[in-house]
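*Asks:* Sequence:
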Amino acid sequence: MTKFQFSHRLATLDDLPAIVSIYNSTIASRKVTADTEPVSVESRLSWFYDHAPEKRPLWVVEEQGEISGWLSFSNFYGRPAYSGTAELSVYLHEKARGKGLGRYFLQEAILFAPQVSVHTLLGFIFGHNTPSLNLFASFDFEIWANMPRVATLDGIERDLIIFGKRVN
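Read left to right, the sequence shown gives residues -11 to 156 (this note's numbering).
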């Protein structure tokens, strides 16, 4: 295990504007999210409350008083039989990218997953998002699905790659 100089905490409602800001900052790249327009804090309230710490935590890393990134465990497919599976989402402030924060978040999520009864982790990543593909692959996530041309961003059809990893 790599030792990182980060620490995370559970997100609070006060963090939601920063979480949304980081999310919105990735939209223009057309590499990270299928949203094509910024989302509002209000529109993310239900999503925020879906992240119960005992089942699907939402973590933030704060540096010098500012949120530099976040990771969420989210339900996969929303049916009881899939309760042991969670989708991971990692979003980093532009200034925090390339400094090991994504690696820190994935390492911590893999270690933590069994504590919330998660045995399978998934990552949904666009096929042209090479940094994220490489990040998940570096933690031995495997390609479990390649969904060709399922998203259209600015008239360009994009693939969705689903990475998976068993953690128990």
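Source of the hints: derived by calculation from the structure; they are not laboratory data.
Fair warning: there could be bad hints in the mix.
To be verified - Per label pair, the in silico range of CB-to-CB distance:
id, residue 1, residue 2, range
1, Gln52, Met135, 14 to 24 Å
2, Ala125, Pro41, 39 to 49 Å
3, Gly143, Glu82, 18 to 28 Å
As the list claims (entries may be wrong) - Think about it this way: if two alpha-carbon atoms lie no more than 27 Å apart in a straight line, the pair counts; the simulated DSS-like pairs of lysine-lysine are:
id, residue 1, residue 2
4, Lys87, Lys19
5, Lys83, Lys19
6, Lys153, Lys19
7, Lys153, Lys43
8, Lys87, Lys153
All residues carry an ideal CB built from backbone N, CA and C; glycine is no exception.
*Asks:* None of the hints should be skipped; say for each whether it holds.
*Replies:* Verification of the hints:
1. Gln52 x Met135: 14 to 24 Å: Given range 14 to 24 Å: violated, Cβ gap about 39 Å.
2. Ala125 x Pro41: 39 to 49 Å: violated (29 Å)
3. Gly143 x Glu82: 18 to 28 Å: holds (25 Å)
4. Lys87 x Lys19: This hinted pair holds, its Cα atoms lying about 19 Å apart.
5. Lys83 x Lys19: holds (17 Å)
6. Lys153 x Lys19: Answer holds: Lys153 to Lys19 is near 22 Å, not above 27 Å.
7. Lys153 x Lys43: holds (18 Å)
8. Lys87 x Lys153: At roughly 24 Å apart (the allowed maximum being 27 Å), Lys153 and Lys87 satisfy the hint.
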